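**Student:** Here is what each chain is made of, one letter per residue.
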Amino acid sequence: MKGIARSMLTTLSTFARKPVTRNYPDYHRPLPRTDRAFPLLLWDHEIDEPFCTGCHACERACPVECMTVLMKDNPNHKSVGGTSSRRKIIDKFWVDYARCMRCNICVEVCNFDAIAMNNTWTGHEMSVYDRKDLVVDLEQLLTQSRAKEIDEWVPIIGQTND
Amino acid sequence: MVTEPAYEFETQDILLNVGPQHPSTHGVFRMVLSVDGEVVRDLVPHIGYLHRGAEKLCETMDYRQGIGFMDRTEYLAAFNAELSYVMAVEALTDIEVPERAQWIRMILCELNRLSSHFMFMGAFGIDVGVFATPFIYAWIGREALIDLFEEVSGDRMMFAYFRPGGLAWDVPRNFKQRVNEALVVAEQGIKDFDTMLTENEIFVARTTGVGKISAAEAIDWGMSGPSIRASGVPLDVRRDEPYLMYDQVEWDVIVGENGDVYDRYYCRLLEMRESVKIIRQCLEKMPDTGPIMPEKMPRMLRTAPGEVYVRTEAPRGEYGVYLVSKGGNRPHRLKVRSACLANLQALRDMSVGQYVADAIVVLGSIDIVLSEVDR
Ligand code: SF4
Ligand code: SF4
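Line by line, the protein sequences are chains A and B. Here the working numbering runs 1258 ahead of the position in the first sequence, where the first position is 1. Here the working numbering runs 352 ahead of the position in the second sequence, where the first position is 1.
Hints were generated in silico from the structure; no laboratory data involved. Here the structure is a predicted model, which is why all the values come from computation and not from measurement. One thing to keep in mind: the hints can contain errors.
[Said to hold, decoys possible] In silico lysine to any residue, SDA-like type, Cα no more than 25 Å apart, as pairs:
| id | chain 1 | residue 1 | chain 2 | residue 2 |
| --- | --- | --- | --- | --- |
| 1 | B | K408 | A | R1360 |
| 2 | A | K1260 | B | D546 |
| 3 | A | K1350 | A | L1289 |
| 4 | A | K1346 | A | G1381 |
| 5 | B | K678 | A | R1318 |
| 6 | B | K648 | A | K1350 |
| 7 | A | K1260 | B | R558 |
| 8 | B | K648 | B | M638 |
| 9 | A | K1276 | B | I399 |
| 10 | B | K637 | B | R591 |
| 11 | A | K1260 | B | M638 |
Let the sequences and hints guide you as you build the complete structure.
**Tutor:** This is the structure we're talking about:
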């Protein structure tokens, strides 16, 4: 009987504690900067074009082969009177979020720091009715960075985290 | 114990199918019970519903790509699973892991053991019929730990944080403080479970003497982890073959006596306290700054030809990785030695002769993760 009384006392004592429940859809807990949702492409605000040159490095390194990259000659390159020093630039880019396993490898292999994991709630709340809607294209991948809606964090292997 | 009913005429056993989609089988596990009234006469486990071929997949991937798949073989203790894998790769490449990285790995693995045991406490509570209350209480401690994992690695369950050679990136600056905060919550959680279940007469009556397995039988089945220690076998890879920095910290191997369900529960509870002890010592000894990766790492990791078996103590027992390499950047063959698979073999011996309701409790007490059983 003593044990049961003690056990009831434990349960009762929790009434005096602060609630730990977070009312999720109403309250979005702040996410740490390291949070990884799905990969996004970053926007170079200085030159007004994506950082991505379409080099295929991420496509080759992806373990589940969920990316498709196509490159083109940059119409804004210096040699044709533009402002950019990127000779090649991304033409089409698809990521199948339904297959992505959020392993961060694409971010690590990119030499141009052009891709980052989405660390906002938008990246987590992605439910759709059709699987096909989870294949996102270049425009969708760039929107958030273009509007400066993510706190870009591109981890370099072995770097400090501050 | 079960008393044999006095039969007046011959009866027939009934086949009872439990699972694969059954809430008390902890995933997609199916067992076919042959029951005589309420008493289990035979039990045939069917596994393989969650087989994804992770080992075979890893053979087509380079060493870095394989890490993500290792997470998914053992989703409740992904740090421990990753650890075995990266240690196997390191053994074949002669990479020296910096000291600080080793301490951090050790802290994270022990924290992961805590969070995994919390999960056990909650799920086990439901199995024995203490419905929902322990499950939600377990979440308080586990949530604090998982939030910490997210701050460190970026993900809540599939961390992909260890790399051959060290860690993907450094821990946040306030890491020590955050670990201490999480430990305070976890300790409160352990205390709650202790006062709520350990001496609760109903719980004790429900679990004592159920699902007994002797030390000799447990060894024969190749069990490991808390499930075998509860039978009185002091088998702990951390103590027997210290890896990381386990030889520099003080802690006790928790050993049970009877090898019944209650002992398996109580061993895990005490083990959580030991984990807290280990983490506190790690925090003291861990250097504040320092490299977390060796200076020179090749862009594409290649191993020397050879084979290696690395085992570590995961929350559920010995998690081993057998890696055969013929040179090059991907494994020739990878085999995961899963603790759950071996522990699950003893299920029949433990459950035969018990009531049907007890078979569920026994299954809960060996704390299986089906993704680790099937891989
Ligand atoms: S994101 Fe980076 S790695 Fe991928 S194609 Fe663009 S530049 Fe290359
Ligand atoms: S996070 Fe991993 S799985 Fe997802 S796109 Fe990048 S490399 Fe592929």
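**Student:** Are there hints from earlier that the structure breaks, and if so, what are their numbers?
**Tutor:** 3, 4, 6, 9 and 11
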